[in-house]
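J.: Each chain is listed here by its residues.
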Amino acid sequence: MASAATCLHATSSIQAQGSKHVFPLQMVSKGFSLDMQLRAKRKNFPASLKLHAVHASSSHSSIADPIEVPSNNNSGDSEKKSTEASLILIRHGESLWNEKNLFTGCVDVPLTKKGVEEAIQAGKRISNIPIDMIYTSSLIRAQMTAMLAISEHRRKKVPIIIHNENEQAQKWSQIYSEETKKQSIPVITAWQLNERMYGELQGLNKQETAELFGKEKVHEWRRSYDVPPPNGESLEMCAERAVAYFRDQIVPQLLAGKNVMIAAHGNSLRSIIMYLDKLTSQEVIDLELSTGIPMLYIFKNGMFVRRGSPIPPSEAGVYAYTRAAATQHLDGFSLKLRKLHHNCIFQCLD
Amino acid sequence: MASSVACLHAASSIQAQGFKGSSTGSPNKIGAFPLRMVLKGFSLDVPLPERKGNCPRSLNLHVVRSSSSQSSIADPIELPSNSNSTDSQKKSTEASLILIRHGESLWNEKNLFTGCVDVPLTKKGVEEAIEAGKRIRNIPIDMIYTSSLIRAQMTAMLVMSEHRRRKVPIIIHKETEEAQRWSQIYSEETKMQSIPVITAWQLNERMYGELQGLNKQETAELFGKEKVHEWRRSYDVPPPNGESLEMCAERSVTYFRDQIVPQLLAGKNVMIAAHGNSLRSIIMYLDKLTSQEVIKLELSTGIPMLYILKNGKFIRRGSPIAPSEAGVYAYSRV
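As they're listed, the protein sequences go chains F and X. Here the first sequence is numbered in the working numbering, starting from 1 and rising by one per residue. Here the second sequence is numbered in the working numbering, starting from 351 and rising by one per residue.
I should point out that these hints are in silico values taken from the structure, not numbers from a laboratory.
Cβ-to-Cβ under 10 Å is the rule here; a few derived chain F residues that face chain X:
1) LEU96
2) LEU139
3) GLN143
4) MET147
5) VAL158
6) GLN168
7) ALA169
8) LYS171
9) SER173
10) GLU178
11) THR180
12) ASN205
Every residue, glycine too, gets a C-beta built ideally from N, C-alpha and C.
If we strip away everything but chain F, and leave its shape as in the complex, we get:
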């Protein structure tokens, strides 16, 4: 296939460049996620997005416009420097309304026991990746995911939720020991990282909505990029406020060398991925981030490089992508065609 050839070609070119994080890059014909910096322009890729396998098979470094750092760093230096930081994205797991197949949006519904388990498992996968700051939405299912994931972390630092909602909240939550502050990981909650707001569909089930609005309309709201449900957000609107927040608040932290974890929702996270990977609106609609599986990016020299999903430390290496590992955790970064996954409709609209 042309796309595979392109990918292979890119693979060799990466190895020639001697990127410092060398890792086995075996093309798994199942289409396991490839961590490749592809310099080719995006228009070569749409074909590869149609691989039936459930992983994104293309990625490329994004030239992130406002944040490109002048390349004055020695690329042979393997020490972590201020131009390198890790970014972990975690989509929360099953919520009580997922279970009931209700449109959730910004209704603040908690995790099921399964969702709790997913968060704990996610935490095990990233237990060795340093985290200096955590961002999450204002919804409990994302916050709990962050806290449960961090409870598995080997660090000694303690996540502390920052309260800035008013002066009293700020005053009341103050820490009076410098030593303790240094041992803290600030957790910042932001409504801008909330799930896409689903307007008048919130709380309804699939059947109700079809009856109320008609199947075609509902399909359009769910599948289009820019058509919002009544009193709700389109994916475009969600992306606008999520990416603006990411760019304005989170990227400066990464630029300063802080390792960041974002625990959020299907639509807010894929909006950010759209920004990181410079996807088109068509591509982002087909994009699905698996729940409870952390997605790691490295921010280096002003560019975002997708590293894929870390496997738990008990398995061979943190970043290994061997064929065995591929069968163990298939759900890294999913480009599923809709009809393949009967649940995905509600997952991505969570």
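Got chain F sorted already, so can you dock chain X onto it with the hints?
T.: Chain X in isolation, oriented as in the chain F frame:
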């Protein structure tokens, strides 16, 4: 001991009064239960008709549970007694109130003064919440109140994840108009299947001012042991820029009285997931304790404490045991 005699006496008088709960074991009914004195000092569900003057001594039992309780004549909420007390059906004058103190937090583990710093639960604290949930899984809950701190909120959610109900807890957002609008539910059916969860800073832990984040040794060095002891053990002496227990009690009891009691009066079953000091302030109100008594009171973490509001009075029922054990309310000698 005189106190245990008083308690035993009260125990027999309860049986004589014949609480008319249903004994069919239906989980929704507040039923009669065996009242055996567990000498280990397990919490006793004893409405004591005597004035509290007889009871202070029993509060000194070394066991960490409050060992005396009495129905409180709750002043502003006493209802005219026109309800038929032999009616075992749940009526609007009867509602259950569950208090749960969250479990171990990451700063508990490190022995740091926490106060209102928003520190999450440890794995152990998560476990405690799940265990607490198992104990109350059959007690109906219509509304949940919690503080604005994640450790209490997580405790509430984890507790509910064990609940057998079909209803889904939904956190209410009113911080801004946008938050309210964004969190709106558009299906009446779904709303009816929801348990509103209301977060309130008034239920926060006592704010510990300049001690927040310090460990015990640091504070002793900075302020002197006696001062620290006074802040921790007195009723009305606050640490610098912090709250005394009295101040904490004032804002939490006010909130309880103004916001939560009306719900109970309307027959709503309420669960409050909060903190050591805010909860014992509420218990102080429910049981009409003195400031001396409340200082000695300790609510165990992760162990739900159940009260019934009936005919305008709060009756402490104690801690429900897990359903796998004999009965929901059994207090047998182990």
